[in-house]
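As given, the protein sequences belong to chains A and B, one line each in that order. For the first sequence, the positions run 1 to 193 when the working numbering is used. For the second sequence, the positions run 194 to 441 when the working numbering is used.
Hints are computed from structural coordinates only; laboratory data are not their basis. It is possible that part of the hints are untrue.
Quick look at which bits of chain A chain B covers, simulated, 3 or more residues with Cβ under 8 angstroms [as the list claims (entries may be wrong)]:
no., region
1, 45-55
2, 139-150
Chain A regions said to be covered by chain B (calculated; three or more residues, Cβ under 8 angstroms) [as the list claims (entries may be wrong)]:
no., region
3, 18-26
4, 32-40
5, 160-174
6, 185-192
No residue lacks a Cβ here, since even glycine has one placed at the ideal position from N, Cα and C.
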Amino acid sequence: MPTSDRDLTRAAALLVIVSMVIVAVLPAVTASARYYSIEIGLIVSVSTPTGVRVSLYPPMLVPEVLLAAAAFYALRGVKEERTLLKEGKRTFYELRGARSRAAYLSIAALSYYIVVALELAHGLSYLRGLAVFYGSPGALYSLLVVPGARPTIYLPPLIVMTIASASTLMASIWPEVRRALEAAEELARRGSG
Amino acid sequence: MDGGLNFFYAALVIVVAVLGGLVAVKFLPPRLSGLVPPPFYTNVTNITGVGDRLLLSLNITQCHVRPESATVLIELNGRAIEEASLSEVSCGSNNLTMGLSPYLVGKFAIVVVNLSLEGGRGYVLSYFLRYIYAAESFKIVNISLVNGTPVAYVSYTTPFRAEVSLSDVVLINFNRSSTVFGFSCNSTRNAFVGPGTGYLALPLACSYENLDVLSPGDVYQVRGLINVTYLTPYGNYSEGVGSLAYQR
Numbered sequence: 001m002p003t004s005d006r007d008l009t010r011a012a013a014l015l016v017i018v019s020m021v022i023v024a025v026l027p028a029v030t031a032s033a034r035y036y037s038i039e040i041g042l043i044v045s046v047s048t049p050t051g052v053r054v055s056l057y058p059p060m061l062v063p064e065v066l067l068a069a070a071a072f073y074a075l076r077g078v079k080e081e082r083t084l085l086k087e088g089k090r091t092f093y094e095l096r097g098a099r100s101r102a103a104y105l106s107i108a109a110l111s112y113y114i115v116v117a118l119e120l121a122h123g124l125s126y127l128r129g130l131a132v133f134y135g136s137p138g139a140l141y142s143l144l145v146v147p148g149a150r151p152t153i154y155l156p157p158l159i160v161m162t163i164a165s166a167s168t169l170m171a172s173i174w175p176e177v178r179r180a181l182e183a184a185e186e187l188a189r190r191g192s193g
Numbered sequence: 194m195d196g197g198l199n200f201f202y203a204a205l206v207i208v209v210a211v212l213g214g215l216v217a218v219k220f221l222p223p224r225l226s227g228l229v230p231p232p233f234y235t236n237v238t239n240i241t242g243v244g245d246r247l248l249l250s251l252n253i254t255q256c257h258v259r260p261e262s263a264t265v266l267i268e269l270n271g272r273a274i275e276e277a278s279l280s281e282v283s284c285g286s287n288n289l290t291m292g293l294s295p296y297l298v299g300k301f302a303i304v305v306v307n308l309s310l311e312g313g314r315g316y317v318l319s320y321f322l323r324y325i326y327a328a329e330s331f332k333i334v335n336i337s338l339v340n341g342t343p344v345a346y347v348s349y350t351t352p353f354r355a356e357v358s359l360s361d362v363v364l365i366n367f368n369r370s371s372t373v374f375g376f377s378c379n380s381t382r383n384a385f386v387g388p389g390t391g392y393l394a395l396p397l398a399c400s401y402e403n404l405d406v407l408s409p410g411d412v413y414q415v416r417g418l419i420n421v422t423y424l425t426p427y428g429n430y431s432e433g434v435g436s437l438a439y440q441r
């Protein structure tokens, strides 16, 4: 049975790493209309008829850092479990700290990401289109507006992060769940015996 | 705490992360401005009132995408005062004529230029702060006695038809520091003037007259308030114009 704990934690760590990559590569919010598109994530990309420009959005580094820390704690949990098992110790209590830290961190990353994505989508929607400010000499400001571009939250990163968070959460509470199930089975066996 | 997952801590983590996300977006919104090569640059190079019309020169340069049509809106204190459209605009200089509202004369107004891009590729909104100048002046130039009645002569330049009256007019002998006419010299009637430039004679009724201090060769100071009501298609608009002049 401890092997299944370790597999679950390892799978959770893998999912967290996958979501790190996806969050880094894919946008959180997209808006596009004829000839134009804006994608905002860690990488911000704006394409217009006059070209494509790319930059970074630093606040999106926060979920990356949180996910990296979550992956670190999950992997440390796997490693420590192996060591403890070699020493012949039970691992229920010893590993709970690392696993729960991984769960906290991945939940924090998911919550932060959802809020930022919602705020960005809301911020882009006020002109009912895609709007980009640019400086024009003599003007207070200029604004390029492309109607018909609805900002939407891009779901794949959100889905993968949700699964990763759920798996870290599952890995952190699984030993207790398993113990409870075993105790219930034992009780049922005694009752029937 | 035994190191296991605590739901109170999990809730706390979510709250902190949500607040952190809100703060991050509030103070570090994504900067898209430098990323977009503008379709073109717009500038309002000249905006002048000529008569009761407002002439506006719109300069469009560096056209990566051609502009198709333009709508210009003039706003004062967040309220649209004037609007005009051009069905065809070109890259370069474009002239636009619109009505001149008296509310705009001598004020800083926001000029909003909306240029649509060819092929339905969206539009560009540009905001400018511009002073609206229009030749407009009212001035008391002279007061003289006509058949024993004081008459004030007013020079004017107005872009609109206007109704003019005078109040609180004072004529002072500057050499003797003595009031000739004054305290409450008001015009006995209102005068109507058309758009353009001219002179106007308005008879005065004064509460105080001291003709003894009138002497040829002395310098006289003329002060007064000119009450102007512009009569325009936008409605009537009144304002008081102070006037100070010297006459011999």
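Against the structure, the hints:
Given as covered by chain B, the region 45-55 of chain A passes the check, having 8 residues with a CB less than 8 angstroms from a CB of that chain where 3 are the minimum. For the region 139-150 of chain A, the stated coverage by chain B holds: 9 residues have a C-beta nearer than 8 angstroms to a C-beta of that chain, and at least 3 were required. For the region 18-26 of chain A, the stated coverage by chain B is violated: 0 residues have a C-beta nearer than 8 angstroms to a C-beta of that chain, whereas at least 3 were required. Evaluation of the coverage hint for the region 32-40 of chain A: fulfilled, as 6 residues show C-beta separations to chain B shorter than 8 angstroms, against a requirement of three.
With 3 residues bearing a CB less than 8 angstroms from a CB of chain B, the region 160-174 of chain A meets the requirement of three and the coverage assertion stands. Beta-carbon proximity to chain B at under 8 angstroms applies to 0 residues in the region 185-192 of chain A; the threshold of 3 is not reached and the given coverage is violated.
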